[in-house]
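> My request is simple: use the sequences and hints to build the entire structure.
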Amino acid sequence: MLPQPASLAEPSQYAETVALLRLESVSKHYATDGARVDALRDVTLSFSPGEFVSLAGPSGCGKSTLLNLAGAMDFPSSGTVSIDGVSTTALNDAALTRLRRNKTGFIFQSFQLLQNLSVVENVELPLLLAGAPHPRERALERLEWVELSGLADRFPHQLSGGQMQRAAIARALVNDPRILLADEPTGNLDTATGAVILTLLRRIVDEHGTLLLMATHSTEAAAASDRIVRLRDGRVERIETRAAV
Amino acid sequence: MPAALLFSRLMLRPLRREPARTALTLLAIALGVAVVLAIDLAGDAAAGSFRSSVETLAGDADFEVSAPGGLPSSAAASLATLPYALNLHPRIEDSAEIVQTGHVVPLIGVDMVADASANESGAPQDLGNLSTSPQVWIGRDFPHPASGTLDLRINDRIVTLAIRGRLKGSTGEAAVIDLALADRLLHRDGALDRILIRIPKGESNLDAWEHRLRAALPPGVTLERGGARTRENRKMLQAFRWNLRVLSYIALLVGAFLIYNTISVSVVRRRAEVGILRALGAGRPAIAAAFLAESAAFGLAGSLLGILLGRLLALGAVKLVASTVESLYVSSTPAPIALTLPAALAALVLGTAVSVLSGLAPAIEASTVPPTEAMARGRVDYQSRVHKTRDLVLAALLSLAALIASRIPPVEGKPLFGYLAALLLVAAGSLAIPFLVASLADLTGVPLRRLLGVEAMLAGRGLAASLRRTSVLTAALAVAVAMMAAVGIMVGSFRETVSLWMENQLKADLYLRPAGPESADRHPVMAASVPDRIEQLPEVLAVNRFRAYAISYGGLPATLASTDTALEHRFGRVKFLGAANREAIFHQLPLGNFAVVSEPFANKHHVEAGSTLTLSLGGHSVPLRILGVYYDYASERGYILLDRHVLLRYLPDPAPSNVAVYLKPGVPLDEGRAAVERAIASHSVLVIANRSLRDEAMRIFDRTFAITYALEAVAILVAVMGMAGALLALIIDRRRELGLLRFLGSSAAQIRRLILFEAGLLGLLANAIGLALGVLLSLILIYVINKQSFGWTIQFHWPVAVLLGSLTTVFLAAVLSGLYPARVAMRLNPIEVVHEE
Ligand SMILES: Nc1ncnc2c1ncn2[C@@H]1O[C@H](COP(=O)(O)OP(=O)(O)OP(=O)(O)O)[C@@H](O)[C@H]1O
Ligand SMILES: [Mg+2]
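Line by line, the protein sequences are chains A and B. In terms of this note's numbering, the numbers along the first sequence are unbroken and rise by one, the last being 245. In terms of this note's numbering, the numbers along the second sequence are unbroken and rise by one, the last being 837.
Careful: at least some of the hints might be erroneous.
[To be verified] Lysine to any residue pairs mimicking SDA-like chemistry, simulated, CA-CA at most 25 angstroms apart:
1) B:388 x A:118
2) B:414 x B:664
3) B:388 x A:115
4) B:201 x B:212
5) B:787 x B:419
6) B:787 x B:662
7) B:414 x B:709
8) B:388 x A:155
9) B:388 x A:156
10) B:168 x B:334
11) B:575 x B:694
12) B:575 x B:587
13) B:787 x B:420
14) B:664 x B:542
15) B:388 x A:239
16) B:201 x B:60
17) B:168 x B:113
18) B:414 x B:631
19) B:388 x A:153
20) B:388 x A:154
21) B:507 x B:662
22) B:388 x A:117
23) B:319 x B:700
24) B:787 x B:168
[Claimed, not checked] Some chain A residues flagged as far from chain B (calculated, every beta-carbon gap over 12 angstroms):
25) 19
26) 31
27) 89
28) 218
Everything labelled a hint here was simulated from the structure, so no lab data went into it. For glycine and all other residues, C-beta sits at the position ideal for the given N, C-alpha and C.
As structure tokens, this is what we get:
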């Protein structure tokens, strides 16, 4: 087991400037039917704990690709992605699985809850997969964070879109990840509900010092973040900090 | 052809994209069809061939005259004096063993002089000198070159004959000798087995001729239309072939479940697509037709493959079927397998029809998909359409119907309602499965996780969530398991019953029979001097002489036998049905025209203690009162057993077919055996110790039932292949979920374990349900179907080892069937599958 992250109650630990996630000259290309698609070209970025970063840009610019690399779900064609100073390319499947269990949490546009598990069962699932102790208590606690305590025993199809996304966020948080990766979390929600989710995400980043990387098309969503990384054709076009927004 | 184009684009293209699953489904149908065809072909080859041995040189006689234990010479004489231009062919029919090879062939004595002058049956013109050197003509397929000499074991003697030539026509494997020679070699004293009669050419009123002949014949002989023997044998084999055929349908039935599953999967996958098509203007019938066409395509392609496979399987099946026929019924050499066009077409139609019928329900369901489905958010869970409780009620009703059906007597000797009961029970079991699966998943959720980890819990949930599909899969495997368990319990119980019966029955130390292979319709004899000599030995306490004749009774083959009642009483342990008084029966049996009959005989001919049988014995019509019905598992044909001295009065041939030797107390078996062997050294007689006789009987028993095990194995194979295909489909449909699990931190190994758990749970569930259903089915098999078809009382026994072994095998096979799907699941790219929508 890798060392567990320190208690989320002590965000001060993350104050140091060591990059939690670093992409160095990262390129990613896909070969489909002979044609080569460059999804990312020579991207160098560095992220610290407690940051809320938006990835923006037109469709197909490489946002999802970047998130997958950051979450160690995929590997760069060249360059390195390192989490806590460890390159993901160097890890074997077991180590990658451990890394995912301990350090990352994913949030999807279409929620991706398992239909045949109840809300609380969905939330505790990562803990069960990791064999972590007290899955139920921790899952209920996360549901409290996202204000879904009352719906713990419902099934996904009995929830609204916003509730489903909150459940998905609770699930992403249940293993106390240091990196939260969200791919258009508000994409399937109306503006008002989307705003609620964004507030929730902001709170989590602030309270727990989590790094949140969020791909988004919406300007409202981008406005909630500390930094906006604008991509175009797989390249970093521009980085805007909050002050500039 | 827009319909064909649409069909190919919408239905066939997706199948091509999943070649492994498509191939598995096809193979499952192919195997099902193949087994049915193979058994049919093998049955024809094995059971159809006896015609050639019994009817060698018989031509198409109009009538045949016979009598149990042989026709007295007076019968031939009275026919010969008739003032008609009749063609008479007197025959002696027996069998002989080719000494070098051990091959048993029909030995037929015909009147060479008469037949040669008539020159109708291909007998050669040149008769040589019949009276001096013993000569033999061999049949067209006789397994020996047509020159030189031939050593034949005839009863307990070896005879060397000069081969005169090979006969043409349908003479099969027969060895044909002159009537006079046959009489001498077989010690017949002028008695014949049959006289075949052909009426003058141009005559057609057979009824009138029957009347005329009847009047001329002495009372104690049987007059039948030509071919009666063949008809009898066919009739006797009917029940056997029927049961075998039904058994062969099991694999196809299992295949039907799998087709149902495949088409259901296809419907579920394309619900949205169907919705779009409906929105674009496709009518309901068109949708239903598309899915029916898909099942028909599966059926057609699978059946074509099945026909090829069936022809191959028939090669193996014919050996197994022939050995069963041989040990249970009649000596026969299998004819070559003939795959006829009608047989192939029948298989094609059967396979396609079963496929289309199995696809009917899902196809209809597809046609009810509303166009709005295309716009609906997410997939409507089709599983929720399972009516667990309603199905459970239906299951209860069907069970009740099964119970009623099992009480109905057979139809023309066929246990039709017994099979109906079995089928109803299978249907009831299948309907109860959704409820059982759902309850089990509910019950085991938490314990499963505690015990086996989160993968097991997820597997259980996954199965419960896709309840309908899981139920069909479980049903397919459970039906296969149930059939296997039922037949296993039946055969196991039968085996145990026979084994106990033999232990009770066989009390003598040594048994003697003429050397050469045995069969149910051959009763070679040994010289009467053999037991006489043994009786004189100082080591010997008593000798029982047993004589058997293959006869025909009530249009069916049967065995007429005699035994020494006093010895049977003193040493034997014969058990009678019901509350029969054993002492009284044994006391009365030697006193006159009395008989006891075996249970299969009583059941076949609907007789019981107190009934009277009439047999024509040695020219007399003899009424025999039945004193009791005894348990017997030696012959399916059934025995009529008389006291030895009573039978000798009518058939005065003292030569015994079998001899039982009781040694004096204290005489070691080896010593007694050596003494016996010395005493009979000049005879070709086998001396068999009690133990080896029982062992041999059990070996024959196992050989007899080998075919049933082979059929079970194929059904299980079909089910397991279907499971692999279905699991594959389940994984493909759940790939998003499996990919998501990887995002949530599951390792590839955990995904594999999840799939293997699903396979294992299915296997376990199918085993449990299958075993329960199998026990019920075995009760129907033992007490209804077996009893009605064969007439044996089988005591119920648990063949624990067999059951444990086969259930474990099925479970392991189920888990193994998950290996490939699990590999597929592990290799799914989580990014692609999660972002698919
Ligand atoms: N598995 C793949 N195979 C081939 N090409 C791919 C694959 N995944 C992504 N691409 C290509 O890589 C490029 C970047 O894709 P990506 O999904 O990262 O875009 P995105 O920014 O997330 O777009 P959107 O905003 O529409 O979600 C696109 O051109 C896409 O076609
Ligand atoms: Mg994207």
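> For the pair supplied as a hint, residue 388 of chain B and residue 153 of chain A, confirm whether the alpha-carbon distance does not exceed 25 angstroms.
Distance ~23 angstroms between residue 388 of chain B and residue 153 of chain A Cα, so the pair holds.
> Taking only the CA atoms, is the gap from residue 787 of chain B to residue 168 of chain B under or equal to 25 angstroms?
With Cα atoms ~44 angstroms apart, residue 787 of chain B and residue 168 of chain B exceed 25 angstroms; violated.
> Can the restraint linking residue 388 of chain B and residue 239 of chain A be considered satisfied, given a maximum Cα separation of 25 angstroms?
Between residue 388 of chain B and residue 239 of chain A the Cα gap is close to 58 angstroms, so the pair fails against 25 angstroms, i.e. violated.
> Does residue 420 of chain B lie within 25 angstroms of residue 787 of chain B when you go C-alpha to C-alpha?
Satisfied, since the Cα-Cα distance of roughly 15 angstroms is no more than 25 angstroms.
> For the pair we were handed, residue 319 of chain B and residue 700 of chain B, check the Cα-Cα distance against 25 angstroms.
14 angstroms, holds
> Given the hint that residue 168 of chain B pairs with residue 113 of chain B, test it: the Cα-Cα distance must not exceed 25 angstroms.
17 angstroms, holds
> Is the Cα-Cα distance between residue 201 of chain B and residue 212 of chain B 25 angstroms or less?
16 angstroms, holds
> Holds or violated: residue 201 of chain B and residue 60 of chain B, Cα atoms, limit 25 angstroms.
Holds: residue 201 of chain B and residue 60 of chain B sit about 12 angstroms apart, inside 25 angstroms.
> Please verify whether residue 575 of chain B and residue 587 of chain B have alpha carbons no more than 25 angstroms apart.
At roughly 15 angstroms apart (the allowed maximum being 25 angstroms), residue 587 of chain B and residue 575 of chain B satisfy the hint.
> Check the hint pairing residue 388 of chain B with residue 154 of chain A against an upper bound of 25 angstroms on the C-alpha distance.
Cα-Cα ~22 angstroms, so holds.
> Given the hinted pair residue 414 of chain B and residue 709 of chain B, is their alpha-carbon gap at most 25 angstroms?
22 angstroms, holds
> Measure nothing beyond the straight line between the CA atoms of residue 787 of chain B and residue 419 of chain B; if it is 25 angstroms or shorter, mark the hint as holding.
12 angstroms, holds
When each numbered hint is compared with the structure, violations occur for hints 2, 6, 15, 24.
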